[in-house]
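Student: Given next are the chains, with one letter for each unit.
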Amino acid sequence: MKLTVDLNGSTRHIDLDATTSLLDWLRSLGLTGTKEGCGIGVCGACTVLVDDLPVSSCLTLIGVLDDRHVVTVEGVADSDPGLVEAFVDCEAMQCGICTPGHVMAAAGARRAGVGLGDDSGDVDEEIRQWLAGNLCRCTGYETIVAAVRSYLER
Amino acid sequence: MSQTTLPRRMSRTDSRSKATGATLYTADFEHRGALHAAVVRSTVSSARIRLIDCTAARSLDGVVAVVSAGDLPEALCGRRVRDMPLIARNVIRHVGERVAVVLAESRATAEAAAALVEVEYDDLRAVFDAQAALRDGAPRVHDEPWRYPGAVVTEAMHPNLQSVVSEGDADTTEDRLAQSAFLVDETYTIPSTKQGYLEPQAWLAVPLDDGRVRLRGTTKSPYRLREQVSTCLGLQPGDLEVEPTPLGGDFGGKGAPGDAPLCVALARMFKRPVRLVLRSAEDLTATDARHPASVRVRVGCDSSGALTAMAFDALFSGGAYAAHKPTATVNLHGAVEAALGYRLPAWSVRSRVVYTNTVPKGHMRAPGATATIFAVESAIDELAAAAGLDPVEFRAANLLGDGDVDAYGHRWRQARAVPTLRAAATAPASVPTPQGWAGGVGVAVYCRPTAASSTSMRLLPKADGGFEVEVPIPETGTANHTVVRELLAERLDVPAELVEVRQVSTSQLPGDPGVGGSRVTVGIAVAVDELARRWELSGKDGPVEVQSGDSLPKPVLSYAAQVARVAVDRATGQVKVLELVSAVDVARVVNPVAHQLQIDGGTVMGFGSAVMEDLIEDDGQLWAANLGELKLPCAADIPKLTTVLVEGGDGIGEANVKSIGELTNVAVPAAVANAIADAVGVRVRDLPLSAEKVWRGSQSLGEERGLRS
Ligand code: FES
Ligand code: FES
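Residue numbers (the working numbering), protein chains in the order written: chain A, 1 to 154; chain B, 1 to 709.
One should not assume that every hint holds.
SDA-like mimics (lysine to any residue), calculated; alpha carbons at most 25 Å apart, straight line [claimed, not checked]:
#1 B:Lys576 - A:Gly133
#2 B:Lys576 - B:Ile616
#3 B:Lys640 - A:Ser120
#4 B:Lys631 - A:Asp124
#5 B:Lys640 - A:Glu153
#6 B:Lys462 - B:Gln414
#7 A:Lys2 - B:Arg298
#8 B:Lys640 - A:Ala146
#9 B:Lys554 - B:Asp402
#10 B:Lys631 - A:Ala109
#11 B:Lys640 - A:Asp124
#12 B:Lys640 - A:Asp89
#13 B:Lys640 - B:Val441
#14 B:Lys640 - A:Ala109
#15 B:Lys640 - A:Gly133
#16 B:Lys554 - B:Gln414
#17 B:Lys631 - A:Gly133
#18 B:Lys631 - A:Gln129
#19 B:Lys576 - A:Val123
#20 B:Lys693 - B:Arg298
#21 B:Lys576 - A:Asp124
#22 B:Lys631 - A:Asp89
#23 B:Lys576 - A:Glu125
#24 B:Lys631 - A:Glu125
Estimated spans, in silico, between C-beta atoms of each pair [as the list claims (entries may be wrong)]:
#25 B:Val494 - A:Gly9: 39 to 45 Å
#26 A:Gln129 - B:Ala691: 17 to 23 Å
#27 A:Gly113 - B:Val504: 46 to 52 Å
#28 B:Arg89 - A:Gly113: 57 to 63 Å
#29 A:Ser79 - B:Ala636: 54 to 60 Å
#30 B:Pro432 - A:His13: 54 to 60 Å
#31 B:Gln131 - A:Arg111: 53 to 59 Å
#32 A:Gly113 - B:Lys554: 55 to 61 Å
#33 B:Lys540 - A:His13: 58 to 64 Å
#34 A:Arg111 - B:Lys554: 53 to 59 Å
#35 A:Ser79 - B:Glu468: 29 to 35 Å
None of these hints come from the bench; they were simulated from the model.
A quick note: this is a predicted structure, and the numbers were derived from the prediction, not measured.
Even glycine gets a Cβ: it sits at the ideal position worked out from N, Cα and C.
Next up, chain A with everything else stripped away, as it sits in the complex (with noise of 0.2 Å):
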């Protein structure tokens, strides 16, 4: 199938299986920030954006994307490095596997209007939901909320 897709600012023609997963695409063209963990949808290691919204590219088939926009942590990292600093600042990471997925779950964060705090107002309970979607094994979340809440208030 050919189609044309937007990745981190350039257009790419490409003629390609349409089953092909957008998270192999992405690696084969040497883009390996976004991360294989389940495969399955559940643990976000390989979150990209597709039109500012997250979306697990494990589970996004390629066919879906032409004329579609889509952002990597290679993308993010340098057209946006105030995400970076927040994740830095913050120790937001101990193996890093799943940081650059928690990295694009907070560029989605901005995008989608997050940090106004959820029916209460509590702004760390509206992230750790949205967080939902992005495991972490190692560092028990605290320091990656308070990477996303320091990302959305700068």
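Let chain A serve as the given structure and place chain B with the ligands on it in line with the hints.
Tutor: Showing chain B with the ligands alone in chain A's frame:
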């Protein structure tokens, strides 16, 4: 060096490369011309292989070979006992066992072909349960396990035993138990779960022109892996070089050789690089999960509440191979150390690990201790209740103190159990119990010795006044490279930014036992002391190298005391853990953030064990076969975490440090079980502590009450 923490100006060594996605893990490496491997794994638990039909698989475009046991050397591998074949040789002993491996020009082709391999089995009798495995006439998992290299069992023992350790004085213990004013005799069970690292195991073996093999992979102990693989394949250690690679999580699971020996054998055989990256579901179901256990504890006290004796008897299902256990006893030290925490006038400990037709079990964060402490700390609470005593005061009166001799005969200069317990117990509650729910509070204590082990390092001065330090240990995520940087910067009196830490391959330093056993920070501290001394002696010139270990300091004890505050819905049994307080006995903290991450991550892992995680082994099949089924805690699940650092501990080395990595995951399940009992009077002795179990418990409580009234 009197301050509690080092001055800090910098983030950890790896934060920027991890936040930008630049850090490369094993699966991020390709190799031109590599063969991609996919393993065909058994779907049955116990069988003879009648036929492996590879015709369809071989006919796929891009398939180079389908290899089974007959094509490979008859080699056995393991960390201590070598009882595991590279690929099953005629006999299948567990679901997930390697039956064949496909090598192809792409991963997709290899996986597609693996699915086309047809295996016909003749089923054999199987045994899944540890108890059943020890009966007379139980199906034998191995014919003659005592013949395996490194075996610790003998022909006189039950043929399904992997290991048995018995310590203490059983006769005196029986007498004292019989004379006790109050006695608890209960059995506690925990299921298997997985370490839960998110990076599946992966290997890349590259044959070199000179006959050596360069291996990259998900190993936390490169030097030990080199030894295990070379012993297994009859190579010299120098024939293998393990490349430095960070890990995407470990928690004990990446100390096992896994598929590494197979990949090295294939790379040598085909003279091409071999790359194997497991899928997550495959990793969950076929690699070294936690040992499930059933633990009987009998513990008594006199009428004043002084402990009289404890008899501890643990039975672990070790799965189909003992190969993943590294200790000399092939047992789990958490269980062997069950009598460590309290002053016990009499005690006995027995810990048995048995072969079953289930996935071979391995180490997970404080191996054996989660089962042990769940059992012992639940039983201690039950005993306090039986004696009508407050659980905190009962513990305080019986825990080891400074200068006490423990059950095993060691005198500890410092044993800060009671101050740590009090710090946890007096931390104010910060989450209110929701209306209509029953609130409860529970406490549990874990005591762990910390000992340094030997490691090596090399210091290379740079022209700009800075230093490069070469270390043998991978960064597993614990910030061990950051600890090296900060301790060394302090000793050499240079700013931390002038110290650059690099892991090097196994050909470049003398050795290291790997990450694990809570030995890393203390081991680093001792080696850094040595390295700094050498640097002074060298006249501050040229590279200096150390291999520490000649005179290692005495071990010290560390404690974690944890309080759980829960709310229980009486109608449904639903449990909400509102807050977990972790009081931790610390010496000097090198990096407060990394230290806190270990505390939090451990506590959340303990929370997962307490209320969520179960691989659900049923007749040798794992039903929680992917991360959708095996529930690991997410950010929205976890309770409020509160930490109290109990400062003033005596640590190891001039840096005065203790361990932290395996302290806070252990006591949480008992603390939560004790809190549930406090809230609604229901004692659940089986993990995870689910709503169903609490509800069933409350139904039978109701019935008892009904009968009595
Ligand atoms: S790898 Fe895609 S969600 Fe886990
Ligand atoms: S940092 Fe290891 S999984 Fe999150």
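Student: Report the numbers of all earlier hints that the structure fails to satisfy, in ascending order.
Tutor: 6, 7, 22 and 29
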